[in-house]
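Here's the letter readout for the chains.
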Amino acid sequence: MGDGKTIIVQAAPFDMGAVLNAFAETTDGAGAIVSFCGVVRDVAAGDLEAMVIEHYPGMTEKALAAIREDALNRFSLSAALILHRYGHLAPREPIMMVATAAPHRSDAFAAAEFLMDYLKSRAPFWKKEITGRGAEWVAAQDDDEAALRRW
Amino acid sequence: MGDGKTIIVQAAPFDMGAVLNAFAETTDGAGAIVSFCGVVRDVAAGDLEAMVIEHYPGMTEKALAAIREDALNRFSLSAALILHRYGHLAPREPIMMVATAAPHRSDAFAAAEFLMDYLKSRAPFWKKEITGRGAEWVAAQDDDEAALRRW
Amino acid sequence: MMLELRYFAWLRERLGTEREAVETDAATIGELVAELRAKSDRHAHVFADMSAIRAAVDQELVAMDAAIGGAREVAFFPPMTGG
Amino acid sequence: MMLELRYFAWLRERLGTEREAVETDAATIGELVAELRAKSDRHAHVFADMSAIRAAVDQELVAMDAAIGGAREVAFFPPMTGG
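Protein chains in written order, with my numbering: chain A, 1 to 151; chain B, 152 to 302; chain C, 303 to 385; chain D, 386 to 468.
It should be emphasised that the hints constitute simulated quantities derived from the structure, not laboratory data. You can take every hint at face value.
Quick list of in silico lysine to aspartate or glutamate cross-link-like pairs, EDC-like style, CA-CA up to 20 Å:
1) A:Lys62 / C:Glu362
2) B:Lys213 / D:Asp443
3) B:Lys213 / D:Glu458
4) A:Lys128 / A:Asp142
5) A:Lys128 / C:Glu320
6) B:Lys213 / D:Glu445
Simulated coverage check for chain A against chain B, where a stretch passes if three residues somewhere in it have a Cβ under 8 Å from a Cβ of chain B:
7) 6 to 17
8) 24 to 31
9) 101 to 112
Pulled from the structure, derived: some chain D residues nowhere near chain B, Cβ distances all over 12 Å:
10) Ala406
11) Gly415
12) Ala452
13) Gly454
Just so we're clear, the structure is a prediction, and the values are computed from it rather than from any experiment. No residue lacks a Cβ here, since even glycine has one placed at the ideal position from N, Cα and C.
I would like the entire structure built from these sequences, with the hints used as guidance.
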């Protein structure tokens, strides 16, 4: 993760602080750095045992790179990174992370939200929650599609 | 910084990744963690030699705590942190950081932007830039005051 | 033409396979879906409600009326839930 | 009453001090500023344009017409530029 990669898709857990610090090294003196990290929650009365994330290898990397390019074209950014895991995740483990750097904080914030909104509905990941009652695919939210309309 | 403090005012540099990781430990399984880090830029054709930040000890801590309380009341948050340095800073050093955690990403993003907007105009810090041409106090931007009106 | 089909998430589970090769003359995703529905009861059931299904042609997300001429791979899956 | 005055940033630099104690009967920040302007040319110059100055009473940001009865500490400084 310290090698300047901007799209990272991996099964292994990651250290969000280490990713942020490695990203900051690539930002070329930008004044504003924003990060978002999604974490597996203890939902449903704390009975979430695991999350399993399926993805579409090949399409995933292309979709994430396209979303990142879109952000670089729309906002004045110095750098942008997307990291997303797949496979088996335990509660409280980090799922994914985006980071943006810009001369102005409004660009860094807007770009991070843009990356998240598009990633939710346009990158081929599917989450399944494993609880004591069984396994269930997470349903997409109508909100997720609606969130794209603001951009 | 690993002791769960939520308002940190210090002269020493800080490791943004370490602060983010320590903050994540306090977020109680929140799904969304947002961080913002402000970094000293290489401005004005790269001739910035240093930044000096003056503050009002006592009022600073009170103002930051009040801004944080405001954010906790307005947004559905699991945790929020503000860290700000004062004294002598070199180009590319981190100046300050906010971090927010929430069940939903919209709250985490909005609260981080809220903290930044208020911190800019309501916390008693003053920046001075030292260049080869001398020292100059940074002027407040009209934008900064305008940014408060959206909340 | 020969097409490689890919299935993900609950489509994969309910069809009992993650990929299958089909010989088809379908010009669009819609025509391909009509052919697949006729293939087996299981396919008919999975492809009954297309509002719950998205498609990609050669790893690009497309609309249901998208052309598939020359495509190598078509994928079907539910709305995405990453992030 | 005795008031402790605090100055920051360019006000501190131009006044040549970061604090001074004053004996005053001013009821508001505005009245206090009028007294300070009469104190010296340097004060008159620094407090000439109040649109560039903010004030705090006992470490709380206040408006220029704010009351200062009972206050221990009043601070003057330029608009803040943290973040």
